[in-house]
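*Asks:* Next come the chains, spelled out residue by residue.
There are 2 protein chains.
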Amino acid sequence: MTDSEDALVLFMPSGRRGRFEVGTPLLDAARSLGVYVESVCGGRGLCGRCQITPTPGQFAKHKITSKLEHLSPSGEVEARYAKRRALPADRRLSCQAKILGDLVVDVPTDSAVNKQVVRKRAETRKIDRDPATRLMYVEVVEPDMANPSGDLDRLRQALEREWMVKGARIDSLLYPQLQSILRKGDWKVTAAVHDDGDGPLITALWPGLQQRAFGLAVDIGSTTIAAHLTDLMSGRTVASAGTANPQVRFGEDLMSRVSYVMMNPDGLPALTEAVRGAINGLTEKVAAQADTTRDQILEAAFVGNPVMHHIFLGIDPTELGGAPFALAVSGAIHMPARDIGVEIHPGGQVYVLPCIAGHVGADAAAATLAESPHRTDRITLLVDVGTNAEIILGSKDRLLAASSPTGPAFEGAEISCGQRAAPGAIERVRIDPETLESRIKVVGCDHWSDAPEFAEEVPSVGVTGICGSGIVETIAEMFLAGIISEDGVINGALAERSDRVFANDRTYTYMLWKGDGIDITINQTDVRAIQLAKAALYAGVRLLMDKLGVAEVERIRLAGAFGSYIDPKYAMVLGLIPDCEVEHVAAVGNAAGTGARMALLNRGHRREVEQLVRDVEKIETAMEPKFQEHFVNAMALPNKVEPFPRLAKTVALPRKQPRSGGEEGGGSRRRGGRRHR
Amino acid sequence: MTDSEDALVLFMPSGRRGRFEVGTPLLDAARSLGVYVESVCGGRGLCGRCQITPTPGQFAKHKITSKLEHLSPSGEVEARYAKRRALPADRRLSCQAKILGDLVVDVPTDSAVNKQVVRKRAETRKIDRDPATRLMYVEVVEPDMANPSGDLDRLRQALEREWMVKGARIDSLLYPQLQSILRKGDWKVTAAVHDDGDGPLITALWPGLQQRAFGLAVDIGSTTIAAHLTDLMSGRTVASAGTANPQVRFGEDLMSRVSYVMMNPDGLPALTEAVRGAINGLTEKVAAQADTTRDQILEAAFVGNPVMHHIFLGIDPTELGGAPFALAVSGAIHMPARDIGVEIHPGGQVYVLPCIAGHVGADAAAATLAESPHRTDRITLLVDVGTNAEIILGSKDRLLAASSPTGPAFEGAEISCGQRAAPGAIERVRIDPETLESRIKVVGCDHWSDAPEFAEEVPSVGVTGICGSGIVETIAEMFLAGIISEDGVINGALAERSDRVFANDRTYTYMLWKGDGIDITINQTDVRAIQLAKAALYAGVRLLMDKLGVAEVERIRLAGAFGSYIDPKYAMVLGLIPDCEVEHVAAVGNAAGTGARMALLNRGHRREVEQLVRDVEKIETAMEPKFQEHFVNAMALPNKVEPFPRLAKTVALPRKQPRSGGEEGGGSRRRGGRRHR
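Those protein sequences? They're chains Y and R, same order as listed.
Here the first sequence stands for residues 368 to 1044, numbered as in the numbering used here.
Here the second sequence stands for residues 368 to 1044, numbered as in the numbering used here.
Next comes chain Y alone, as it looks inside the complex (with noise of 0.2 Å):
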């Protein structure tokens, strides 16, 4: 080959250049560096979704000159392309382009075609795309009295041909439809190929060009259920919903499920089919906000704790509940989802993300993958608070894993004036530490009580409790107000100083909020059934670490509701969390639905969290004696822990908010911004 037989082609914004023969299609040229041009088709022009821009211009740093006329004129595919769907004028369809000389290209994140609505609710995170499902568009040979194979046999041979997928099984249920989508799409179909590792299947099948496809991701938590509709063309959340977990009514936390389904013969059932059937009244709300069918939906990602993973798959969760806490099954299930009741496409396929331990779900896993502490050099702790927290620490040389029993507290239950966060709930709190006034803010107005706008803006329920981020701050600010002592006792001398601390029975209480109807105060008990949670979670914490042998941590993800909503600093505080520049502190939400749409859009992430699962050290913390030992430790106030120093009540805190997500100082760490030593 000569010089002048090949260009030089430069794609943009990925950087990847290559030579090329003239004439070649610019999407092959694309696709033999591994840039990654969509196409539904074929190439042949049809779906519009290879669309790119030529750049033409002087491009010294790359030694380009990229001009229009080094690409082939657009032809009559394209017109009739742009005739029906509308290309922009800069626009060309890179399977019909060719390229006749040096090229500068640019590569839409999404083609035109690909535009949809992001729903508020939408996580907005990027997910590379490499679903298990892929549609395929291929032109079928019609039968021949002289070679008869069979419609399946001429489909195999197309998608072998035309997308290099050999040995294609089908869906059984596809055998009866073949015959017809063949005939109705005039021997030009498009068909569905799922391969999750396990070879290629044909799940679906349309008539002519099917160009939409989407994919579920679940959420299964004890109180809530969230959904995730996810666009696999784009890897765009499209919608979201979510709903009370209806097992509710059989138990309000996870324990009391278990033994229903230990006490009544019926009561697996039961339970199961109350989870499948909130998911698939999510699936027809998802797919309603997203102006599609389920019969559109052929992925599946479900995460869940153990527990619900198991209830979800129609498992007795009895061995959970007792040790050895065995799961039935920890690996990654792939299965069709009819034969779990999920009520997607006929042939749409679930993935159920592994576990990792009997108290360690795949929502824990989930997380993880999202937050990846196994691909990064610093110790990072990774929490997800709940009734268990589910603890994990490590870096991309070690990772940890362990469940601690923290209770319902930090959710608000077992708090004389707790609640779950709704409107009308104390979020925040601060507590003059002269006068020991209070101030608060409650969920669904943007004001402290102090501004003059609290009283018109408060909720029209009136302060009606204090959620889990708000105990958290109201201990950790009564600590700071002096209120509390060290052992976490509520000190009786500081009735004689403010009415807001007064004796009940033989223990003191304080008057958090005085409101119309409704007092909201903090008893003995409610500050002791805060130190346990937090001495649980700490000393899970605080085993990890010695296991990993470290007496810090470089980043804290926090995950999940509660982890959402507290404020890093009181967390540290109170010392639920070992000590940590504030600014490596992140909440970062729902991680576990982020894992699951990760596992919906790409199969490499499936591959990943199979693989961290089996590598992730899993500790139980019943069976470590030394759990106890830091248990009781941590029960002070901060945590009676050693080597890491105490933090001294009169230094002042930080004001600095954490940045939720943001970017992180990398190496340099801001030793000044830290509270204590």
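A hint or two may mislead.
Since the list gives no way to pick out one identical chain from another, each pair is judged satisfied if it fits inside one copy or across any two copies.
To be verified - Result set (EDC-like, lysine to aspartate or glutamate): computed pairs, CA atoms no more than 16 Å apart in a straight line:
no., residue 1, residue 2
1, K808, E820
2, K985, D511
3, K555, E529
4, K914, E991
5, K993, D913
6, K533, D565
7, K914, D764
8, K763, D744
9, K914, E996
10, K763, E975
11, K914, E984
No wet-lab data here; the hints were simulated from the structure.
Given chain Y, put chain R in place with the hints provided.
*Replies:* Just chain R, lined up with the frame of chain Y:
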């Protein structure tokens, strides 16, 4: 290793031999030489399937002196087994017996525990065993808090550790049952592992040691459905049953069933349900015969003509009713039995053999597999006569297939006195050329009609009609007796000589049998029907011979019911089949059923039939101008076809019967036996 450390072991009857280190268990030695010794329990001395017999003595030819003391003495494990199950005195468990010196060992074709009554209808053909599903007993590690893997993961590990099965998937139906089965078996379980080239799949699981596993082979004929239950552990057919195809109520022949589907919107589901229901009824029946249950049937293999194949799979057969006779699927099909309503074990797997073409079905493919023309040097003709005749011609170099529209005359339909082969039907005929008097034999009586016992032993219904094989013989005898001319006209001049021949409208009729209440006659229309049928069959055969470029065939195999009862001599007199040495013509019974059993018992045979179907050249008779020419020529008796010599009317037929399925004379063709030239 020195000579003193190893020993020579010879396994009989295979004759395989090898040197093994002293101390090697015999089972391991056998396996390393590829000598098949069954074992379910993984060498634990539990299942008793690995029995062998050591043979002491001087084996000069093999230079071995075999002594009983060259095996380790029988120990506790074998004593325990012998107590439970009775171990013959000369038998040892090869998993326990270790090699101590030179040995000759006999591997019984079946170990004692395998003994099953062989039912009278079972086929006797020996098929090497390598079924897609195997039983594997494993001891699973108990759950451990310190190593919190799931029950399934530990089951998988056990399968890998003990059986080298890597990365087994599991049927999703088993998820909810795993825990209780493992605990019920005290962590000792037997798994059924299916692997048909698509990776291992756990399809069933039992607590403890499970030693029974069956497979079902089903031939779905238009008229009859036959099921054979095969012991997957021994390869033996243990029960057989047949039933009329209940689709008959929707149409007697295939095309009327296709019409029913075309005319009735609910026609297809009704036909599909009918055939599946009949199969499930047969399954129940054979399971009961073999004293087992449907839950122990783990595999099923199906064959049928294309229309039956499609309807069974729930596929509309309409396309098969007209050109281009497009099959929806021609390749082999694997699917879970439950996806297709086949009621065996809920995790049982179905294999449907591939079809060859729109008129040459999985039954023909199975018959070809069973008769293996693709494995011989000799030009073989395989014919299965039904409403269509399926014709396979060739050898290992090249194989051709076609279908010819013979119509139902050979089955006794469209013949004035025709009937199915049932007691009272005439099946053998001799006509005296001088007197034109006839002798007959009927189904259900062993004597010719001129024997004194005939009157006594004839079935109570009397002589009721004439069946397919009887018609062929009658027409041939009529021709040989000069009653029919070469162009098929009944010679009216004979009416003067005998009242057997009499005028009937403008043609003549032959009185074959004058019974008490019913006369069995052959009229001119009957002769024409047989002429048309045999012309179609012969034209198809001749077309394939032309294509293959051969003037004669070396072996003929007649499959199916018609092929079993017809006398090949008469088939050659009439010219149904080309001339061939009569000892090289054999009826092979239900070859399709045999092929189904082969696919059931040996995965290699599945790959073989899949390859064979790809390789065979499909000839569509409707597209071949020569077919019509051959057809017209073959209307004559025997056939006006060059270059084959005509059969002279006066030449006596050899009286020797063909040996059904017997040994053939290899390369030395005895020309003296031929009846012409």
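*Asks:* None of the hints should be skipped; say for each whether it holds.
*Replies:* Comparing the hints with the structure gives:
For the homomeric pair K808 and E820, the shortest alpha-carbon distance inside one copy (12 Å) is at most 16 Å, but the shortest distance between copies (112 Å) is not. In this assembly of identical chains, the alpha carbons of K985 and D511 lie at most 16 Å apart only when taken from different copies (11 Å versus 60 Å within one copy). Taking the shortest Cα distances, K555 and E529 sit within 16 Å of each other inside one copy (12 Å), while across copies they are farther apart (49 Å). In this homomeric assembly, K914 and E991 come within 16 Å of each other (Cα to Cα) only inside a single copy, at 11 Å, whereas the closest approach across copies is 81 Å.
For the homomeric pair K993 and D913, the shortest alpha-carbon distance inside one copy (9 Å) is at most 16 Å, but the shortest distance between copies (89 Å) is not. Taking CA atoms no more than 16 Å apart as the test, K533 paired with D565 passes in both settings, with 12 Å inside one copy and 13 Å between copies. In this assembly of identical chains, the alpha carbons of K914 and D764 lie at most 16 Å apart only when taken from the same copy (13 Å versus 70 Å across copies). Taking the shortest Cα distances, K763 and D744 sit within 16 Å of each other inside one copy (6 Å), while across copies they are farther apart (64 Å).
Taking the shortest Cα distances, K914 and E996 sit within 16 Å of each other inside one copy (15 Å), while across copies they are farther apart (90 Å). Taking the closest pair of Cα atoms, K763 and E975 come within 16 Å of each other only inside a single copy of the chain (12 Å); across copies the shortest separation is 49 Å, beyond that limit. Taking the closest pair of Cα atoms, K914 and E984 come within 16 Å of each other only inside a single copy of the chain (10 Å); across copies the shortest separation is 69 Å, beyond that limit.
In this structure, none of the earlier numbered hints is contradicted; all agree with it.
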